[in-house]
Amino acid sequence: MKRFALATVSTLAVAAGSSVLAEPEAEVLHWWTSGGEAKSVAVLQEEFASNGGTWTDMPVAGGGGDAAMTALRARVLSGNAPTAVQLKGPAIQEWYEEGVLADISGVAEAEGWAEVLPASIAGHMKCEGTWCAAPVNVHRVDWIWANADVLAANGIEMPTTWDEFNAAAVKLMDAGVIPLAHGGQSWQDATVFEAVLLGIGGPEFYQKALVDLDPEALTSDTMVQVFDQMRTMRGFVDENFSGRDWNLATAMVMNGEAAFQIMGDWAKGEFLAAGKTPGEDFLCASTPGDGYLYNVDSFAMFSVDGDDKKAGQELLAKLIVAPNFQKVFNLNKGSIPARTDVALDDFDICANLSAEEMGSTSAAGSLLPSYAHGMALRGSQSGAITDVVTAHFNSDMSSADAVQQLADAVANSY
Amino acid sequence: MSEWLENHLPKVVLAPSFIAVLIFVYGFIGWTAWVSLTRSKLLPKYEIHGFIQYERLFDSPRWDTAINNLYLFGALFIVIAMVLGLLLAILLDQKIRVEGAIRTIYLYPMALSMIVTGTAWKWILNPGLGIESMVQGWGFPNFEFDWLVNPDYAIYTIVLAAIWQSSGFVMALFLAGLRSVDGEIIKAAQVDGIPTWRIYTAIIIPSMAPIFLSAFIVLAHLAIKSFDLVIALTGGGPGYATDLPATYMYAMAFSRGDIGQAASSAMIMMLVVFAIVVPYLYSELRAKND
Chain A
1 MKRFALATVS
11 TLAVAAGSSV
21 LAEPEAEVLH
31 WWTSGGEAKS
41 VAVLQEEFAS
51 NGGTWTDMPV
61 AGGGGDAAMT
71 ALRARVLSGN
81 APTAVQLKGP
91 AIQEWYEEGV
101 LADISGVAEA
111 EGWAEVLPAS
121 IAGHMKCEGT
131 WCAAPVNVHR
141 VDWIWANADV
151 LAANGIEMPT
161 TWDEFNAAAV
171 KLMDAGVIPL
181 AHGGQSWQDA
191 TVFEAVLLGI
201 GGPEFYQKAL
211 VDLDPEALTS
221 DTMVQVFDQM
231 RTMRGFVDEN
241 FSGRDWNLAT
251 AMVMNGEAAF
261 QIMGDWAKGE
271 FLAAGKTPGE
281 DFLCASTPGD
291 GYLYNVDSFA
301 MFSVDGDDKK
311 AGQELLAKLI
321 VAPNFQKVFN
331 LNKGSIPART
341 DVALDDFDIC
351 ANLSAEEMGS
361 TSAAGSLLPS
371 YAHGMALRGS
381 QSGAITDVVT
391 AHFNSDMSSA
401 DAVQQLADAV
411 ANSY
Chain B
1 MSEWLENHLP
11 KVVLAPSFIA
21 VLIFVYGFIG
31 WTAWVSLTRS
41 KLLPKYEIHG
51 FIQYERLFDS
61 PRWDTAINNL
71 YLFGALFIVI
81 AMVLGLLLAI
91 LLDQKIRVEG
101 AIRTIYLYPM
111 ALSMIVTGTA
121 WKWILNPGLG
131 IESMVQGWGF
141 PNFEFDWLVN
151 PDYAIYTIVL
161 AAIWQSSGFV
171 MALFLAGLRS
181 VDGEIIKAAQ
191 VDGIPTWRIY
201 TAIIIPSMAP
211 IFLSAFIVLA
221 HLAIKSFDLV
231 IALTGGGPGY
241 ATDLPATYMY
251 AMAFSRGDIG
261 QAASSAMIMM
271 LVVFAIVVPY
281 LYSELRAKND
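Chains as they are written, first to last, in our numbering: chain A, 1 to 414; chain B, 1 to 290.
These aren't lab readings, by the way, just hints derived from the structure by calculation.
Quick reminder that beta carbons are idealized off the backbone N, C-alpha and C, glycines included.
All the given hints hold, so there is nothing to weed out.
Selected chain B positions facing chain A (Cβ under 10 Å, derived; list incomplete):
1. L42
2. P61
3. D146
4. G235
5. G236
6. A251
7. M252
8. A253
9. G257
10. Q261
Just chain A, with the same shape it has in the complex:
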């Protein structure tokens, strides 16, 4: 009876909706709760309100999104999904397969998303050909940050090959500087690993090994070399690195205790917050080798009932990808816009470098998803790889054993 009543009401609402303009409303689940992030999401909230929408905020902090995902699971299982959820990478398709995502192709086509987004990033926003998510930003992951004074004092240039990096590191160690600031948390180990893998194996190898999970690539000699380099890097880290947070490692570069850090461009936010100038106090460059590893935040749109909610969803999707929000949000967050037609005059040199290389690597086909940040693989697969990477980095496991374990772990993760 209740269901019948609901059905009647919603039919009426649909009938009414066609004549009366719907009032857009959206409930947004996200975990952007810390300083700069909260400010960034407030921008979207204001824009949504000024376009006549009602925004219901559902921030769930904690665990790098783990808590939010638990909340999402509960909401979906109870048949009451939020309008939009901060999701990224293959997790979007994973939720699509559960049959709970909406089709927002209408907005995407009207706004011409396909023309303004790089093809490989647009691919993440589609579920079997229909658009189901809206990209917010692009973080580059394969950055190497350096303290400009320390490099100058030791006569070191930004390295462009891993051999140069190793030579520079040895020189720094002799001078009593920690070559690489690193935090021994598994995701940070994985971040360094994917940068090394991209540099040594090249973009094609990266695609085969960490996106396609090709067993041949995983057990290849190149992979052994990658682990060898990881072992070398282990020697460039101070002995006290276990469990250190990434921002403390950034601080070590800032105060000259360490020379380099390999970390995504959120590290730039730490430098800027400390009043450092890019290009003068600290240097940014892509890690040695070709290619570009991206970490794209996006909002996946969930199936909702009712015209108001549908209107809210479409308005939200439109605003997220619109140039104004892309610019303001990314200035706050330290990343770059996902769309390629936003003027970057207000952005710093690192962001401009990032945008430039995003364009060039996109044309060359070497714009690749970051595995360490959940863009390339599903949770159980990327987790299995990270287990091996972190176990190797934190023990005296040989590279050959690591490669064998890697192949086994991937095979065991399906």
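On the provided structure of chain A, position chain B as indicated by the hints.
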């Protein structure tokens, strides 16, 4: 009516909690067992696929580490906490002055949450901040104490912190046990000129067998469900060297979207608890029937 109520009141009052336990404990154990037999990833699915999750679990080197850590941690933690607790209790039992104050001091760590204990020990054991750097600062530059960041020894730091937290509680249990031993027997032994250590080993400790059993059960279940201490102290690291089954289960269920795998590890944890608790219940019930 009132007579009926009088007769059935206990049952009526107990019924809600009985039903709640039935659903939320045994019902969910059954649900977890079911899910552990499926290929559930992001959301639970109910199609049975046999023991695939258990095969994956036992093929995983990380689970191997976790379960070995549990044995190592559990054994060391239980044995050392009990020995230390007993020793403290015996020393306190020597009719010393300000016993109350000392007892409170030893018991206080129990009042802290494991997160606080873990964080404090993380700082104490950190080579760059804690003991190592302090002793080096005293003029012993070769002094090394890097267990926390050494994958082979990190699990012992967890043992250390857990013992610090729990041995005071074990002491209190044993102290109560010591005090409940019949004073007449001890006096008789003293009259016979038996040395004190013999009185303890031959009379007092054997008569405290039930206390040992209670202490063991309490410590064992603390060990198996240990989670917060690991998260605060090492975060499971370096690498995954200090993973325990509970942290493994959490990672699978909440970080990796691998619910089937998490359910199978939860079932194994439950079986370990059963292996300890069932013999205890059996011996308790048999004792009552005699």
